[in-house]
Amino acid sequence: MPKQTEKERLDLLQGTLDMLILRTLQWGPQHGHGIGQAIRTQSDDLLKIETGSLYPALHRLVKRGWLKPEWGVSEANQKAKYYQLTAAGKAQLVREQNRWAQMVHAIGRIMNPVENKE
Amino acid sequence: MRPDERELDDEIRGHLALSVQDRIERGQDPAAARRDALAELGYVGDLRESIRRVWYSRAFDAVTALGRDLRFALRSLSRSRGFSLTVVLTLALGIGANAAIFSVVRAVLLRPLVNRDEDRLIYIRQSAPGIGQADMTFSVPEVQDLTSQASTIAAFGDFSTVDFALTGLHEEPRIVHAGVVSGSFFDVMGLRPVLGRLITAQDDGPNAAGVAVLTYRFWTTTLNSDPHVVGKAIRLGQRTATIVGVLEPSIPYPADTELIANIVTSPHHMGALMRTNRSHRMTELFGRLKPGVTLEQARADLTAAHAAMLKAHAESYSARAHVQLSVTRLRDQIVSPARTVLLVLLAAAAVVFLIAVSNVANLILARSVRREGELAIRAALGAGTAALRRTLLAESLVLCCLGALFGVLLAQPFVTLVARYAARFSVRAVGITVDSSVVWVGAALALAAALLLAFVPRLPSAKSPAGLGVPTGSISMTPATRRRLRVFATSQIAFSFVLLAGAGMLVTTLVRMQETRTGYDLRRVVVFDVPLSAPAATDPKTLEFFKEAMRRVAQLPGVRGVSIAMTAPWRDAGAIPLMQVTAEGYSPENGEENPHAKFRIVAPGLFDVLGVPLIAGRDFSDRDVDGSEPVVIISESVARRFFGTGEAVNRRIVWTDPLARMMGPARPQRIVGVVADVDDENVVPSQTMAVYRPVAQMGIAERLFVRVDGDPHSVIAPVTRIIRDLSPEQPVERAATLEEIRSQLLAPERVNAFVISGFAGIALLIAVVGVAGVLAFSVSARTREFGVRLAIGSDPRDLLRRVLSEGARIAIVGILAGAAGGYLIGRVAARFFVDAQVPGALPAVAAAAVLVAAALTVSLVPAARASHVDVLQALRTE
Chain A
-17 MPKQTEKERL
-7 DLLQGTLDML
3 ILRTLQWGPQ
13 HGHGIGQAIR
23 TQSDDLLKIE
33 TGSLYPALHR
43 LVKRGWLKPE
53 WGVSEANQKA
63 KYYQLTAAGK
73 AQLVREQNRW
83 AQMVHAIGRI
93 MNPVENKE
Chain B
8 MRPDERELDD
18 EIRGHLALSV
28 QDRIERGQDP
38 AAARRDALAE
48 LGYVGDLRES
58 IRRVWYSRAF
68 DAVTALGRDL
78 RFALRSLSRS
88 RGFSLTVVLT
98 LALGIGANAA
108 IFSVVRAVLL
118 RPLVNRDEDR
128 LIYIRQSAPG
138 IGQADMTFSV
148 PEVQDLTSQA
158 STIAAFGDFS
168 TVDFALTGLH
178 EEPRIVHAGV
188 VSGSFFDVMG
198 LRPVLGRLIT
208 AQDDGPNAAG
218 VAVLTYRFWT
228 TTLNSDPHVV
238 GKAIRLGQRT
248 ATIVGVLEPS
258 IPYPADTELI
268 ANIVTSPHHM
278 GALMRTNRSH
288 RMTELFGRLK
298 PGVTLEQARA
308 DLTAAHAAML
318 KAHAESYSAR
328 AHVQLSVTRL
338 RDQIVSPART
348 VLLVLLAAAA
358 VVFLIAVSNV
368 ANLILARSVR
378 REGELAIRAA
388 LGAGTAALRR
398 TLLAESLVLC
408 CLGALFGVLL
418 AQPFVTLVAR
428 YAARFSVRAV
438 GITVDSSVVW
448 VGAALALAAA
458 LLLAFVPRLP
468 SAKSPAGLGV
478 PTGSISMTPA
488 TRRRLRVFAT
498 SQIAFSFVLL
508 AGAGMLVTTL
518 VRMQETRTGY
528 DLRRVVVFDV
538 PLSAPAATDP
548 KTLEFFKEAM
558 RRVAQLPGVR
568 GVSIAMTAPW
578 RDAGAIPLMQ
588 VTAEGYSPEN
598 GEENPHAKFR
608 IVAPGLFDVL
618 GVPLIAGRDF
628 SDRDVDGSEP
638 VVIISESVAR
648 RFFGTGEAVN
658 RRIVWTDPLA
668 RMMGPARPQR
678 IVGVVADVDD
688 ENVVPSQTMA
698 VYRPVAQMGI
708 AERLFVRVDG
718 DPHSVIAPVT
728 RIIRDLSPEQ
738 PVERAATLEE
748 IRSQLLAPER
758 VNAFVISGFA
768 GIALLIAVVG
778 VAGVLAFSVS
788 ARTREFGVRL
798 AIGSDPRDLL
808 RRVLSEGARI
818 AIVGILAGAA
828 GGYLIGRVAA
838 RFFVDAQVPG
848 ALPAVAAAAV
858 LVAAALTVSL
868 VPAARASHVD
878 VLQALRTE
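Residue numbers (this note's numbering), protein chains in the order written: chain A, -17 to 100; chain B, 8 to 885.
If you are wondering where the hints come from, they were derived from the structure by calculation, not from laboratory data. Predicted model only: the values in this text are computed from it and were never measured. Take these hints with a grain of salt, some might be off.
What the hints assert, rightly or not - Under 10 Å between C-beta atoms, here's a sample of chain A residues computed to sit facing chain B:
(1) 5
(2) 9
(3) 19
(4) 20
(5) 32
(6) 33
(7) 38
(8) 44
(9) 51
(10) 53
(11) 63
(12) 91
Backbone N, C-alpha and C define an ideal beta-carbon position, used for all residues, glycine too.
Extracted from the complex, chain B is given alone in its bound form (with noise of 0.2 Å):
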C-alpha cells in the first residue's frame, strides 16, 4: 500500500506528461505546454515532499537515517579495532559498576517493604544514652503503659526472642531461635500466610493452645517446603505447640527466627518477672498507624505518653540513662544502617563512571583529531554541522551501547558481591538478584555517555582554514585540543587520587583493627556454645554434668585446657550485663557515681585457657562451690578505681546494681584476684572493668572453652562425642577458634576495603591509561618537532625528560586538585559519619606515590618513542 520512492517519481512524472499532452491538445506549441506544464507543477521536490510525508513520518526519516549513520560508524568503528575496544571495556566497567551498584540500592533503599500498608508501619524503640543502651527494648508492665495512653495508633504489635530446644520437625532435638508474640503481632505488621493461618488473637491468653507459625526461610531451607507441615505437633522445651501456617517471604525484623510461636509456648513469657517486672525488657515494639494520622502526630503522641510513664514510675528510671522513645517507619528503620555505606558506595561507582567518560572522552578527542581530515571532506561536500554531529553520535553511540552491553554482563557477579556485603547492614540485602533496573540504568548511562561524547569533538566548519590542510593526512593539533585533553587527564587523576585515598584510608583501618591485641590467644582457643534448656540452667545437676564433661575433654590428646563460662567473645556482644558495682572502703569523689562493671560468670581454669594473665591473688578453684564465702576476681581497671594502688586481694565489693539487689539481699563479695583487663565485645577494644564470679556460685554457664596444641580443629568432633554421649539431647553448636569468630566481625570492615579498593583500582588502571593514551597522541603529533629538535642536536635524553615531565605534570596537579576536592568531600562526610576514623595523612600520601609512579611508568612509552624519533621520517610526514 505504502508507495515507494520510485513509485512516488512514477506518478509525479506520470502528471507532468498528462499536462504537457493536454496544453498540446489545446494547441500549445510542445515547447511551451512544457514550460507551462512545468510552471504550474512548482518545485518538484517539495511536492514530492508533500506526498512523502502523507506516508513516512519525520520520525521515520530520522530513525532511517540514524540506521544509516549506524552502519557507517559500524564499518568506520571495525577499522580502529583497538580504539574500540579500549573505549567499550572503559565505558563497561564505569557502567557495570554504577548498574550493579544502583540495583543493590534500588533494592534496599527504594523499593517498599511487603508488609500490608507498610508507609503506616512503625517501629518504637526505647533507648537510654546515658548509659550507652542504643536499644533497651520494654518490659511488658511498659509496653501496657503506652499502649494503653496511646490514642493515634490503631494497634500495637510485639515481638520479644526467645531460645527453643524444638523437637518433632528432626531427628536431632535442636536449637531454634524463635519469636514470641501476641495475637496482634501478625495484623498490624500486616504480613500474610503462604499457608496455613498466622497466630491470631485466639491465640493469647493463658489456656490458649500452644500455635508456631514457621518463617519462609526456615520452611524452605530446612524443610524443603514440606506442604504437609501444618498441623504438625512439636515439642518446644517442655510445652507442646502445633505448626498452624506458614509465614510469606518477609523481613525478619527485628530478629531472623525460624520460627514465631504465640506467648503461651514460652513458660518464661507467662511467669512473673516477665509480667510484672518493669526492668525486665526483652520486646520489640511495633504499631500501626491510625488512618490520616501522621508520623509527626503519632511522636508527639507516643512521647508524651512515655514522659507520663517515666514520670509515674520515677523510682525505675535512674535519671542518668536518659530513657527516651524514639518512633521510626519500619522501613526507615530496617534500611537506616545500610543508608550511608551503600551512598558511599553509589558516589565511588559514580566517580569510576566520571572517570571512565572522561578517560573514552580523551581517545574519542584524539581520535577526532586524527579524523580531522575525514570531517573536513565531508564537510566540504556539503554535509551540515548536524549532519556530522549525527556521524559522531552514531559512533558514540554504538561504543556505548556496546558498553552497557558489557557492563551490564558485568553487574550480574557485581550485584552477587555488593549484595553479599550489603546484607551485613541490612536484611533487605539478602538474596538481592540482579534485577531489570540494572538494564534502564545501564542504557541510561550508556545514552547519557554517549550524548555527552559526541560534543567532545570540535568540528570543523566549511569555512575554517583547518580544511585546508586536510590532503596532506598529518595530524595537527590545535592549543584547543591539547588543553581538553589535558583537562581530562588531570581530571581522572583527581578522581583516581580521591578513590586511591579513600580506599589507602579503609584498608589501615582494617588493617589496625586486625592487628589490635585483644589480651587473648586466638588461635589455640576453641569454643562450642553448650545451650542449656531453662530446666537444665536451674538444676544443679548441670554442674556436675559439665564437670563430667570438662574432665573428659581435658584427657583429649592435644588439649592443653579447657574451662566453661557465661559468654564466648564476640558472639555473644552485649549479652554480658553492666551493673553497678562498689567496694568496702571506697567512696566516690563529689558528683560521681558508683562505676559499671561488667558481670561475667566464669569457671576455674579459664583465664589460663584465654591466656589472659592474672595479675595477683589467685584463680577461682574447685572449692568456691554454691554455700561457701563468696569470692570475685576483678579486673585491673576495676582495681585501680577501687583502690588505686593498694593490695586489692582480699577486700570485698557490693553489688548496688538494682538489677542484683533483685537476686537476693547485697553480700559483700571477697576480692580474691585481678585479672589483665580484656575487651571481647568491641572489634577496637575499649577499656572495660569487668567483675568475674565463679559458675560453681551463681549455676549458669553455656560456652565450652578448650585451648589446643596443635590443629584446633581436630578437637571439634571428639568433644561434641563427649558431650552426646553424656546428654544425648544435649545440643553442641558453633564451635570455632576466637580467630574465626573476630575475624567474621570484622568482615564487613574487609568487605568495605575490598569493595572501595576494586573501584580505586578500576580508576587508577583507566586513569592511568588516559594519561598514557594523552601523552602518546601528543608526541605522535609532535613528531616532526621532535624530529626538528633532534635533528639541530638536541639530546635525546632532554627529549624523554620533556615527554616525562609533561606525564609527571598531569599527575600532580590531579592530584593536588583530587586532594583539595577530597579533603572538602572528607569535611562534609564528617558530618554525617559520626564515627569517621581518619588514620592519619599516610593513605593519601602513599595514593599520591601510586599514582606519580603509575603516571611517570606509563609516561616512558611515548617518551621513548619522542626520544628515538627517526629524524628523516618525522621531516618527511608533512
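Only chain A is shown next, with the shape it has when bound in the complex (with noise of 0.2 Å):
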C-alpha cells in the first residue's frame, strides 16, 4: 500500500477518531493498547492509530464526560488504565453514529458517478 494514500484516508478519518474509539468501547471497558489494536484489526489493518493521537483523543472523550478511565490489571497481568463508556458516552455515540450515515450518504450522493474509488 503506498504511504501517500494511507495518509490521505487517515487524516479523513481523524475527525472520526473519538466515534471510533466510542465505538469500540461499547463491547466492554478496554485499555488504550487495546483500542488501538481493535480499531487496528477491525479494519482489516487499515487504520492504524496512532498513540500520539489516540490517547489525546481518550483524555479529551474522559474531560468530556464520555468515558470514565478506571485502573485495572490486563489478562497478562499488566497494570493498565481502563476506559469505559458512560451514559452521556452512549448517547454520543448514538449522535456521532447518525451524522456519520448523513455524512456517508451526502458525500455518497456527490460522488455518485464514480462509486466507491477505493
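The two chains are supplied separately, each in an independent frame; assemble them into the complex guided by the hints.
Below is the structure:
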C-alpha cells in the first residue's frame, strides 16, 4: 500500500477518531493499547491509530464526560488504565453514528457517478 | 478527575508494556519487540505533552512557573533586606503620591455630575471684561430677553442668592444663605429630592405659598437628617414658608446655600427694582439643551439673542464695558478652576514616580551586577534568556507589588490632604475619599514599574566571557553598566531640580504675599458681622442701636477703638461697588473717561481703628448726619487724579455713575479729608481709588470693628453679649481678627506650596539616596583599583576628592539638564497660567545649591570609604 494514500485516508478519518473510540468501547472497558489494536484489526489493518493521536483523544473524551477511566490489570497481569463508556458517552455515540450516516449519504450522492473510488 | 503528572507516566509505561507483550506474543524476540514498541511510541516527551495539554492549558503552566519564580524571588529578596526595604519604600512613595493625586483628579475632573442628562446642562454667564467684571450675572429683564429669543434651549433655570433671618428650625434666629429660584430651576438642573418634593411651576407667581427646599448638607449637618422636617413652617425674614423637601446631594453651584426657596419668599425679588431694572443684576442662568442640539449651536443662538438685546437697549450698556456672553457646559464650568492646579499636581506626582522608578532601577542594576555570578551559573546550567528574565521579572513584581501595597496605604492620608486642598478650587472635591481607582492605579503603576525594571539588568549569555570570571565572586562593572547607573542618577537629580525649583518659586511667592503691606493693623483689629434684616437696614433706629452698641463696646477693658463700616476687609471682596465719579473743576483728558472709584461707607473712627493714616483734612464726625451737608473722604490716589499736587480738602466731587444717579439727583459732595490708599479686596494689593461716605448719611453698615490692646479674642464674647442685650434677635457672626481673615485667603497658596514642597522633598530624598547608592556601588566595585592606587603611593585625600567630584559631576550635569527642561516647561506653562508670577532666579539658584550640597554630603560616606581602603584586603579580593 503506497504511503501517500494511507496518509490521506487517515487524515480523512481523524475527525471521526472519537466516534471510533466510542464504538470500540461499546463492547466493554478497554485500555488504550487494546483500543488501538481493536480499531486496527477491525479495519483489516487499514487504520493504524498513532499513540500520539489516540491518547490525547481518550483524555479529551474523559474530560467531556463520555468516558470513565479506571485502573485495572490486564489478562497478562499488566497494570493499565481502562476506559469505559458512560451514559453520556453512549448517547454521544448514537449522535455520531447518525451524523456519520448522513455524511456518508451526502458524500455518496456527490460522488455518485464514480462509485467507490477505493 | 484531572490526572496528575505521575498518572500520565504510569499510563504511558502501561501502554509500552502492553505493546511489548503483544509483540512477544506474536512471536518477536523481546529485544526487537521492545525496540519496535518504542519506535511506534515515538518521542515520549511529545506524547506526554500532548496528553497534558488536554488537561492543563498553557496559561496554567505559565502561572505555575511564575508561582515558582515568585517563591524563589521572595527567598532571594529576603536575603537582602536592606535593598528590598529601600526599593519598596521608594516605590511606595512614588506610587502613593500618584494614586492619591489620580483619585482626586478622577473625582474632580472626570466623574460626571449627578444631574440627569448632565451633558445637556449648560451655564450661561454675562461678563464685562472692559470694567473687570468676570461674572456680572443677569437682571430679570435681561433673563426675559434671552429666554424669549433662544430657540435651542429646552428650558432655563434661574438662581439668585439672598440672606434670610431664619426662625423656626433652631432656638436662636440665624442668618441663612439661601437660593431663590423659579419653578423651572430643579427640572432644568435635573435634580431629585431625597425627601418630599422640590420647587415646581406651581410655586411660581405672586400668589403662591412660600416654600423652601433644604440642601442635603444643611439637612444632614445641622438638622441631623430629621425625617420629620418636611411640612414644618418656618419664617424667612418677614415671610413664612413651608419646608417641602430635601434636595439630593449635589454640587452646590454657583453658591453653597442652606436652603432654596421660591421667589415669593423674597420681598426683594417681588419688588419693582428687581423686576424692572435692567442694571440690577443678581441672577445666575442655567439652561438645558434641546435634544440633539450641540453646545456650539446653543452658543451661537444665545450669543445672537444677547447681541440683539444689547442693541435694543444700547443705553443700558456702556461700550467700554464690552458686555459679552459665555456658554459652557455646567460640568466644565464647575471644574475649570481646579483643572490647571490638578494637572500640575499630577505632573509633579508623575515626576516623583519617574524619580522613584529610576532610583529603583539603579538599585536593581547595581544588585544585578553583584548577582552576575549567580545569573551566569544559572545560564550555564541551562536556564534560557526567557527563564532568567522571568526570574528578574518575578523579583521586580514582588518588589513593585509590595511598593504598590504600601503606596495605596499611603494614598489614604494623602487623598484627604489633597482633597481638602482641591476643595478650595472646586466644590466637586468636597468629601472625596479614596476610591477603588486608587488600587487600580497603584496596581497599574506597579506593573509598569515591574516590567520596566525587569529589563534594566543585562543578562549574562552563556557565551559571554563574563560567565567565566564568576567563581571569584568579585564585582566587576562594565563601562556600559556604569554609564547606565550614572544616567539614572543624573536624571533623578534633573527631575528633583525641576520640582525643587518649582516649590521654591511657590514658597517665594507665598512669602512675598504674606509680607505685603496691607495698610492695616492686622493683629489688633477684630471684625464682627452684624447682618441686618431688610427692614432693619432701612430703619433709622438701627443707627441708634449701633451707636449704643459702640458706646458700650468702647467701655470694655482693653478696647482702644470701635467703629462700623459696610464691608469687612477681604471677606466681603467683590461686594464693594465701583462707581464713576468726577470732581468739580476736573475735566478728563482727551479720550479718557471719568475714573471709577470704590464706593465705601464708614463710620467716624474707622480709619483710626484700622490704622489707616489721615493725610489731610479731618475724619467724619458725629455732626455728619442725614440732613447736614453731604461729605466724603477720598483716598490719596483719587486726590492725585483730580487735583494733582493741589489741595483736595473742601473741593467737591460728583457721582456720575448711572447707579448713583438712580439713587437721587447728583449733588456735589464736599471733601473733608484724604486718607492713604488701601486695597482690602485682593491678596496682592493693587492701587485702588476709593471714596468714603459716612454711615450716618447712608444708613447701611453691618460690620463692627473693634481695636484691642492685648488678646483680641478676649473681646469676642463680651461684644456679642452687648449686641444680644440690645437686640435679642440680632445675629452676631464670624468674629475674627484681620490677620485671620487674610491668612484664610492665603490658604490655597499655602497648601499649594506645601504640597509641591512635599513632592520636592520626597524627590530630593530619593535622588540623594540614588546618588549615594551609585557612588557607594562604584566605590565598592573599584576597591581593588583604590587599593592599588594607595599601594603605589596615592594620597588618600586625592581619592576622597575623586569620589566627591564624581558625585558633584552627577549633581551638576543633572541640574543643568533640569534647568534646561525646567526652562522649557516654564515657557509652556506660562502660556497656560495667565497670572504666572515668576519670582526671579533666586529659587532656582537655591534649589541648585541645595542639590549640590546634598549630593556632596551623601558622597562623603563612600568617598571616606574609598580613602580608607585596606590595601592588603583590597588586593586580596581578586
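Looking back at the numbered hints, which does the structure fail to meet, lowest number first?
Numbers 1, 2, 4, 12 - these are the hints that the structure violates, sorted from lowest upward.
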